[in-house]
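So the protein lines, in turn, are chains A and B.
In terms of this note's numbering, the first sequence opens at residue 9 and continues consecutively.
In terms of this note's numbering, the second sequence opens at residue 766 and continues consecutively.
By construction, these hints were calculated from the structure, which means they are not laboratory data.
Please note that the accuracy of each hint is not assured.
[As the list claims (entries may be wrong)] Stretch-level coverage of chain B by chain A, calculated; a stretch enters the list once three of its residues show a Cβ under 8 angstroms from a Cβ in chain A:
| # | segment |
| --- | --- |
| 1 | 782-788 |
| 2 | 884-898 |
| 3 | 974-981 |
[Claimed, not checked] Using 25 angstroms as the maximum straight-line C-alpha spacing, the simulated DSS-like pairs for lysine-lysine come out as follows:
| # | chain 1 | residue 1 | chain 2 | residue 2 |
| --- | --- | --- | --- | --- |
| 4 | A | Lys135 | B | Lys773 |
| 5 | A | Lys227 | A | Lys241 |
| 6 | A | Lys241 | A | Lys230 |
| 7 | A | Lys135 | A | Lys241 |
| 8 | B | Lys873 | A | Lys227 |
| 9 | B | Lys1035 | A | Lys135 |
| 10 | A | Lys241 | B | Lys1035 |
| 11 | B | Lys871 | A | Lys25 |
| 12 | B | Lys871 | B | Lys773 |
| 13 | B | Lys773 | A | Lys323 |
| 14 | B | Lys1035 | B | Lys964 |
| 15 | A | Lys230 | B | Lys773 |
| 16 | B | Lys1035 | A | Lys323 |
| 17 | A | Lys25 | B | Lys873 |
| 18 | A | Lys323 | A | Lys241 |
[Stated by the list, open to error] DEER-style ranges, computed between Cβ atoms:
| # | chain 1 | residue 1 | chain 2 | residue 2 | range |
| --- | --- | --- | --- | --- | --- |
| 19 | A | Val46 | B | Leu960 | 23 to 33 angstroms |
| 20 | B | Pro961 | A | Val128 | 33 to 43 angstroms |
| 21 | A | Gly130 | B | Ile798 | 10 to 20 angstroms |
| 22 | B | Leu792 | A | Arg132 | 14 to 24 angstroms |
| 23 | B | Gly814 | A | Val309 | 14 to 24 angstroms |
| 24 | B | Gly991 | A | Pro183 | 44 to 54 angstroms |
| 25 | A | Arg229 | B | Leu792 | 44 to 54 angstroms |
| 26 | A | Leu42 | B | Lys871 | 14 to 24 angstroms |
Yeah, the Cβ is synthetic: ideal placement off N, Cα and C, and Gly gets one too.
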Amino acid sequence: MSISADSDRQPPRGWYKRNEIAITPWLFLAPGVLFFVVYVIAPIWQSFGMSLYDWNGLGDIDTNGTYVGLENYNKLFGLNGERADRNFQISLWNNLRWLVLYLLAIPLGLFIALFLNQNVRGIRLYKSLFFFPFVISQVVVGLVFSWFYLPNNGLFTIVTGWFGFEISGGVLGNPNTATYGIIVAGLWPQTAYCMILYLTGLNAVDPEQVEAARLDGAKGRKMLWHVILPQLKPATFIAFVVTIIGALRSFDLVSIMTGGGPFGSTRVLSFYVFEKSLSERGLQYGYAAAVAVVLFLIMLVFISYFLWTMYQDEKEAR
Amino acid sequence: MFPTPVQKSSPTVRLSYQAFLPVALILWLLPLIAVMIFSIKPDVDFTSGNYWGWPSSFEGFTNYGLVFFESAMPRYLLNSVMITVPTVIGTVALACMTGFALGVYKFKGNLLIFFMFIAGNFVPFQILMVPVRDLTVDMGLYNTKTGLVLFHIAFQTGFATLFMRNFIRALPFALIEAARVEGVAEWRIFWYVVLPLMKPAIAAMAVLIFTFIWNDYFWAVVLTQGPESQPVTAGITSFNAQYRAAYHLMSAGSIVAALPPVLMFFLMQKHFIAGLTLGAVK
């Protein structure tokens, strides 16, 4: 009896109080979701829409732009009697080069991590110094590497000269080598990133398993492949994610080191979008948006894979 | 431990390892060492072709003096600070809240919203470029630091939410249950129970986002122009145009621009790495 008397005496609880647990998450989410939808999600749709227009970026797209349907895509891929856009093809191929070669950062990072995973004096400082390239702006990385590659006075040019190699126009001045020169510059910080992922991963490797495997006679490469790498899987996954994203986002280095040249040979999709819209050679906003959509769809393949993997992990955790 | 500790190997292996370490480091950091040496070289070294040799005289004070007192560099640095610091505060505030909502409550659409944040965080910048620029222009914020800050906060919230949510998930849920049993209001649980436990996550996100935003170049070019609001990364390139082939000044400028994130990393290394590995690799 006393219990019900107690609850009778309580003031009637308000609507919010009664639904507190259901409502609170939405209140907490509101500002973050609002920001994110306005600045990230909505623009993606807007770009999709924009890619169906011919628009020079002036005024409003509805009044100053012309709806052209899939015409921009036809021009890109050379469908419907259009001639395929050569610059788009160059960008696409270069993006592929970036993707494949950038993945080298993962084994390179692992290699350096294994090299540094020792317990000697001052090793902590060595590890942080090895990580340095990642902390520095890509703008600075791009500048320094372009000095290395200078045609006559660049260190790279001088050193390769000793061995009798000569690249006419310098690494960045030669259409056959320029993209590779930029990718190498990009690999430097990316390798540092993968290295730190693996160093933290190696820290967590179960020492008992390693000892047990050693007693079984496993060592060297066999040990690495069968005992260590499986335990480094989470690190490898993150390294893979950030390297793919990094490869497809390569804008800064291209823009700083060559500006897309020589003869447009170092363009990548991200740079081409910028060039076609905001640069003075651009002002074809609809066309640029179509290129951006293609880049987005390429990325979407990887994003779906990442999300799927994370979803599997979530299901297990539940 | 893998590989086998050098202490267990023969003295030859151990000694050669220790001798090779600094050599490897110098080779690895050669680009950085080059900028440092460039930044104290006199102008004549470059005109006479002595790019990679020893500086013919020490001109560190002259070069850095020029950068600090006779260029727009201090202006750009100040802009960078005024862009980076509000972004860090804003992002951390928003992400603590979204992370709390997604990490603590079970409701329909939880995972969907979480995945929206992750996916959005991975999209190429270029698909956002023109709409975000138009939006910024429409709000009258083109070429302002505020315009840049607002976008950065929104975009970084995706990444920070991923981190915060996973961090909160790993906290002991019993604490929250206990508070609920005591009748503590939900927002008080956030403020007095969860937030104090999130300090390491907040520190990790703060240093990481500081570095990301400080080093941002693309959005600075898209949303700003000129020394009134451009950050130092974009400033360096206009420096490049102003002092064409003045390698010593470019280098001094680059070092000044790179220093804040480097210091941040050194001071907060543990948190920085926790953030980079998304807390997934412990």
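**Prompt:** Within a Cα-Cα threshold of 25 angstroms, do Lys1035 (chain B) and Lys323 (chain A) meet the stated pairing?
**Reply:** Between Lys1035 (chain B) and Lys323 (chain A) the Cα gap is close to 30 angstroms, so the pair fails against 25 angstroms, i.e. violated.
**Asked** Is the straight-line distance between the alpha-carbon of Lys230 (chain A) and that of Lys773 (chain B) 25 angstroms or less?
**Response** holds, 20 angstroms
**Prompt:** Given the proposed pairing of Lys135 (chain A) with Lys773 (chain B), does the C-alpha separation stay at or below 25 angstroms?
**Reply:** holds, 21 angstroms
**Request:** Could you grab the alpha-carbon distance between Lys773 (chain B) and Lys323 (chain A) and see if it respects the 25 angstroms cut-off?
**Result:** Outside the cut-off at roughly 43 angstroms; violated.
**Prompt:** Holds or violated: Lys1035 (chain B) with Lys964 (chain B), Cα cutoff 25 angstroms?
**Reply:** Answer holds: Lys1035 (chain B) to Lys964 (chain B) is near 13 angstroms, not above 25 angstroms.
**Item:** Assertion that chain A covers the segment 782-788 of chain B - criterion: three or more residues, beta-carbon distance below 8 angstroms
**Value:** It holds: at least three residues are needed, and the segment 782-788 of chain B offers 3 whose Cβ sits within less than 8 angstroms of chain A.
**Item:** Assessment of proposed distance window 10 to 20 angstroms (beta carbons of Gly130 (chain A), Ile798 (chain B))
**Value:** Cβ of Gly130 (chain A) to Cβ of Ile798 (chain B): about 18 angstroms, so the range 10 to 20 angstroms holds.
**Asked** Under the criterion that the straight-line Cα-Cα distance not exceed 25 angstroms, is the pair Lys1035 (chain B), Lys135 (chain A) satisfied?
**Response** Given that 25 angstroms is the threshold and the Cα spacing comes to 12 angstroms, the pair holds.
**Prompt:** Is the hinted pair Lys241 (chain A) and Lys1035 (chain B) satisfied, with a Cα-Cα distance of at most 25 angstroms?
**Reply:** holds, 22 angstroms
**Request:** With respect to the beta-carbon atoms only, verify the hint that Gly991 (chain B) and Pro183 (chain A) lie 44 to 54 angstroms apart.
**Result:** Given about 33 angstroms between the Cβ atoms, the range is violated.
**Prompt:** When you take the CB atoms of Gly814 (chain B) and Val309 (chain A), is the distance between them in 14 to 24 angstroms?
**Reply:** violated, 49 angstroms
**Request:** Would you check chain A against the segment 974-981 of chain B, counting CB to CB pairs closer than 8 angstroms, and say if three or more residues qualify?
**Result:** Holds, because 3 residues of the segment 974-981 of chain B bring their Cβ atoms closer than 8 angstroms to Cβ atoms of chain A.
Violated hints for the displayed structure, listed by number in ascending order: 8, 12, 13, 16, 23, 24 and 25.
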